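Got chain A sorted already, so can you dock chain B onto it with the hints?
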Amino acid sequence: MNAAGTRVVEVTRAGALTTVQDLGRAGQAHLGVPGSGALDLPAHHAANRLVGNPPDAATLETTLTGCALRPSVPLVVAVTGAPCAVRVDGRPAAWGTALRVPAGAVLDVGPATHGVRCYLAVAGGVAVEPVLGSRSADLLSGLGPAPLRDGDVLPLGVAGGAVPPVGAAVLPGPPSVLVLPVLPGPRADWFAPHAPAVLAGGGFRVAADSNRIALRTEGPALPRIRTDELASEGMVTGALQVPPHGRPMLFLADHPTTGGYPVIGVVPPEALSAAAQAAPGTPVRFVPSHGIALRGIALRGVPVGGVPVRDLPGRGRS
Amino acid sequence: MRTLPAGRDGLLVELGGTDEVEAFYAEVLRRTAAGEFPAARDVVPAARTVLLTGLPDPARTARELASWRVPPAPPRTGTLVRIAVRYDGPDLAEVARLWDMTPREVVATHTGTGFRVAFCGFAPGFGYLTGLGDHLRVPRREVPRTAVPAGSVALAGPYTGVYPRSSPGGWQLIGTTDAVLWDPARDPAALLAPGTRVRFTDADADADAGDGADAGDGDGDGADAPGDDGSGAERAAEDTSDVPPSGQRGAR
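Sequence order for the protein chains is A and B.
Residue numbering for the first sequence follows UniProt numbering, starting at 1 and increasing by one per position.
Residue numbering for the second sequence follows UniProt numbering, starting at 1 and increasing by one per position.
These aren't lab readings, by the way, just hints derived from the structure by calculation.
Check the hints yourself; a few may be wrong.
What the hints assert, rightly or not - Selected chain A positions facing chain B (Cβ under 8 Å, derived; list incomplete):
| id | residue |
| --- | --- |
| 1 | A26 |
| 2 | A29 |
| 3 | T97 |
| 4 | H114 |
| 5 | V131 |
| 6 | L132 |
| 7 | S141 |
| 8 | L183 |
| 9 | P186 |
| 10 | G234 |
| 11 | P268 |
Stated by the list, open to error - A partial selection of chain B residues facing chain A, derived with a Cβ cut-off under 10 Å:
| id | residue |
| --- | --- |
| 12 | G7 |
| 13 | L11 |
| 14 | P45 |
| 15 | C120 |
| 16 | G121 |
| 17 | V143 |
Only a predicted model underlies this, so the values are computations on that prediction, with no experimental measurement involved.
All C-beta atoms, glycine included, are put in the ideal place defined by N, C-alpha and C.
In isolation and in its complexed conformation, chain A is listed as follows (with noise of 0.2 Å):
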């Protein structure tokens, strides 16, 4: 796809933490492998869109920082996720459009000026070698390429779709509340009745140390009725996990496949975008959602025919 191994970007810039992204790895969780992928996948299909990618084609995703690249051929490319000052060799460029850069210009992508992470996309893709069917760098992990570092040297792929005409993205910009719908289970009933309602009372804020693995809170711990231990389980992305502390973390991509703490609700896919753009100190208010509430009552203690239907298996040693 390296046509003639001509079609490359040099990176200027790598920011405080750039990583190639596609749509993942889904399928491997059995093996302890995580899905990782786009945080913000309107985002990275927005920008795929613009420059006439295929939807699992790579693209870089910035954090707060932004990046700067500085291509060997000339090049279209296109700025989304979180707003940004474009530039190219230092003159304001667009956001959020398809863009033409020169060859040997630099393309900057600057800090968010609000959100977290911008997605650079370049007309044929990043082309670094798939790992287990995914270019994504999953930093759980360590699969796939390392994070940018300055000087590095990337692949491109050969610009296969047309360019369309015209095109902007259209995008939720960066929540100045997060608000999370939460689904509930599988583990609600470890934790104590009014726990939805601390949940939904607000007072949660994104914590500093949020990451591609999780999106960590601070504020009121959520009160148990059970604080036996949970034997290892599997993890959906999304999960609402809550560690001993009380205060959830919820999932992202490169989440664990297995973990040993409680998921109080599961905030469904939708919604994860905007947690992926939600800066540091963003109030997070969680709606528990009633109607699935019900779905989910609906589904408990269905037996299961051919083995011994019993309750919950005792828990009581350590």
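Just chain B now, with coordinates in the frame of chain A:
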């Protein structure tokens, strides 16, 4: 047994223990391969549960599961992997003390046990192996090591595991192997997958006498080793990590 909601398209199926998990997981794979069950995005066995994600209609699937007759886990006909171990781990003496044996007897017990990968997690290629009897459970180390070398063979709770790469670790280290547990460039990348049978052999004895250990059958699959892997306990400050090993959180 219960089915619990896990997001809009997921179900967490809660089972009685490792044998039921094995049986249910095998049944899901069999029915999926036969086209009798919607292909899930992920099917993730764990200590007492199997997680199904990407289901088109989880409520319907939950009802359907109610009618399943899950046969006992099939006989141990899965892949058998032999892993040669140098039993030179720094915690071998401590495990011997906990087991009330000599270190040689620990080696004999470990190499004489048929193991099975109950589930994977913590890191790509890290398997939680059951097979040791319940009386052989060992606690994690009170103070985790900041770096456990790749290839370390370790015990914690009812499980044996092999560290696929260097990481912090709280398990008791009894030996070392040169086996490559995880290689993304290999197909399959993981040496151990759920259901894989494992025999550990004594590399030093092998050097003397050839491959001594033999799998045979009847690997007592460790009764029900309901796995508390102790995730939370040892790491109040440690959030995401599921396991074992340690304090690893992996984030950069």
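Among the hints numbered above, which are violated by the structure, and what are their numbers in rising order?
3, 4 and 17
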